[in-house]
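A.B. asks: Sequence:
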Amino acid sequence: MKQASLFSATALRARWDSNQVLRFLLIGGWNTLFGYLCFFVIYQLAGSFLHYLLVSILAHCVAVSQSYVTQRYIVFRSNATMGAEFLRFNGSHLGVLLLGLLAMFVLVEVIELSPLWAQALVTAGSVFLSYGLHSRVSFANTDIERRITSTNWQSDNAATELGESSHAPDMLTRLALIYLALPVFLYLIGWYQPLLGISLAAVLAYACWHTLSGCVADTLPPSKLIVMLTLYAAILWTVFGGAGHFFYAIAHDWIIRDAVLHDLVVGDWPPLYDAVDDDLYLLRAPVAYFLPAAALAKIFGIASADRLLWLWTVLGVMLFFLLLPLRHDKSLRFIAGLLVIIFFSGMDIVGVMFPDFYAANSPMPGAFIDWWIKPPPLVSYWSNTSNLYWNPNHCLPAWLAIAMFYRHWRHPRFIGIAPLLVALLPLWSPFALIGITPFLLLLLIYWLKSPTRAQLDIPATLTSVIIFGIIFVSLVVPPSNVQLTSSTITAPENTGWIYLNNFNHFLTVAENYILFVIFEFGILALLVLRNLDKNLMAAALVTLLCLPFMSLGPGNDLAMRGSIPSLTILSIAALHQLTAMRYDYQLIRRLAVTAVLGLGAVTSYFEISRAIQWKQWSPNLDFTLIDANNGRVAQHYLVKRGASPFAAVLRQSEPIPNAVDWVRFCPPIHPRNRANRSYVPFAWRNNRNDGDVGRERKRLAGLPSAQNTKP
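In terms of the numbering used here, the sequence shown opens at residue 4 and continues consecutively.
Don't take every hint at face value.
[What the hints assert, rightly or not] With beta-carbon atoms standing in for the labels, derived distance ranges:
(1) W212 - I492: 47 to 55 Å
(2) D695 - L532: 35 to 43 Å
(3) L198 - L61: 51 to 59 Å
(4) P557 - V480: 15 to 23 Å
(5) R533 - L29: 56 to 64 Å
(6) D271 - L459: 33 to 41 Å
(7) G601 - A651: 54 to 62 Å
Hints were generated in silico from the structure; no laboratory data involved.
The beta carbon of each residue, even a glycine, is placed where N, CA and C say it ideally should be.
When you get a sec, could you build the whole thing from the sequences and use the hints?
C.D. replies: What follows is the structure in structure tokens.
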């Protein structure tokens, strides 16, 4: 009788009600079978013309809805709000999907299983991971409204008590520093001979350990919903950019970046090149952005490098979002804050159309309007989306560094983090370090004036200085022949512009500069000036006002990239204006800020529309950096190996063979560059000295070739 009672209907019902794992195994088995059947049917119907990974994604989309219903009502018996719970459920499944796609790629491409068998193994293996995610994330009992999350500044009371930018370094700070430091470890170990490389890596590890130990975890981590929202936003924002090549990528820039990534994957470290003139050239460039993806691609193959780079970009953008002062206690305001950051830009569309535009050259979707001032001065400040799509290697370190600075610069422990930031940024982007330098000077002044200033960690600071010195010397010495001039009186080399430096020239400089300041950041700065610490706003505005007068390189990268930290501070001020809990700000000012940001959002819309409308192209898996540059040596990327000050201690590497024999075959246009589509024409403003410049061009064209040089 006792044995019989164990299998009675009442006992089985009780066991079913009390055992969540049992319910999950049975329902999970059905969901697994249903998901595989979805894949099987779609693959049989469309496998001949759809890639197996795309079939897997489609099957996931079909299966996930019924899976949510069965998990919610049968397994976990949740009574939470369905909307937020469904987002968490999809976020959990998204992580499983990404891991499954990666595992499936390895099973099919490396182990050479059929897609049907690979999907069966991946589906079976995802069961246990799914239970952990759903029990701890999707159906966890989380009260978002009562939770004060990572920064504590989402609460106005907390911000009042702690003071702006006085929050203690926490786990997010550690993660951001690890993200910035990981490529530097790879560089030190991969570039230098084993003994020296390991020693330098140990020095950096010591600096990181001392710095990270000063980050205190006295604040709660972001809620699971917030983490998933930032992940979704990072994926949706980055998928239209160059990394990953899911859509159109800016061909001129990404052909070069694809070649750098290719060389880091297929070649020894440091990459070495056999140029046309028989000299061996060394890759001398800030390569931190590429190194983690390249290291993994050496394991998984060159075909995976581009998608690994995209995942690395997603992670960096996600960390940037989490570091921002977004309202974590209100989901809608959090999403609104994300949209402000994604679409933040100056009013380029107004600048393009002021005061007139040429016939048939009005801006259209897909036009590049970030650069609307016709030189002089040679200057442009880019939108956040343009920076991410064109040069994530520059904007990601700048965003992470300035976000950490904004959060913590008034906290005593941040003075110990600053030296490590200075050491890590050059290998990512020297322009990021230049752009954040005014803020570091502000930190130094604040620290010196503090009556009870924190003690510097001398050992950690000295080790950071050593790492900075090694990287700085390897990148800067010998010089790369990049022109540093005044953007107002000296035309950059190889651009075709002519600066006459007459009276009309200086009137043009003054007019262009004033309009640039007004439309790019001036109006918005006046509207949000009172929303941030006056010292931060002063540092940002002084930087933005001064950058237009200097030029570095043919396109003045100094202004384009060095402005990113200051523009980010301005975007944070706009965030405070539009998403603050209190509504004691003037309604007219809120509406004005919304209008200015709305006009600026046109620039980001153009960038996204270009990515969608223009033809997607895949990275070339054969071309080296020499190939991508039409057989020429790019002075700012390459240096003769013997000219490197560390030539004697670098690893011995073999030259990477070029895909094209440039001694015998030197076409004027590189074959890969045929993927580059010309930009949609857009308006240049009329300048007072355009007539003089036109006449000067005609005069130069009539001179003999030996005398045909620009003044």
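A.B. asks: Provide an ascending list of the numbers of those earlier hints which the structure does not satisfy.
C.D. replies: Those not satisfied: there are none.
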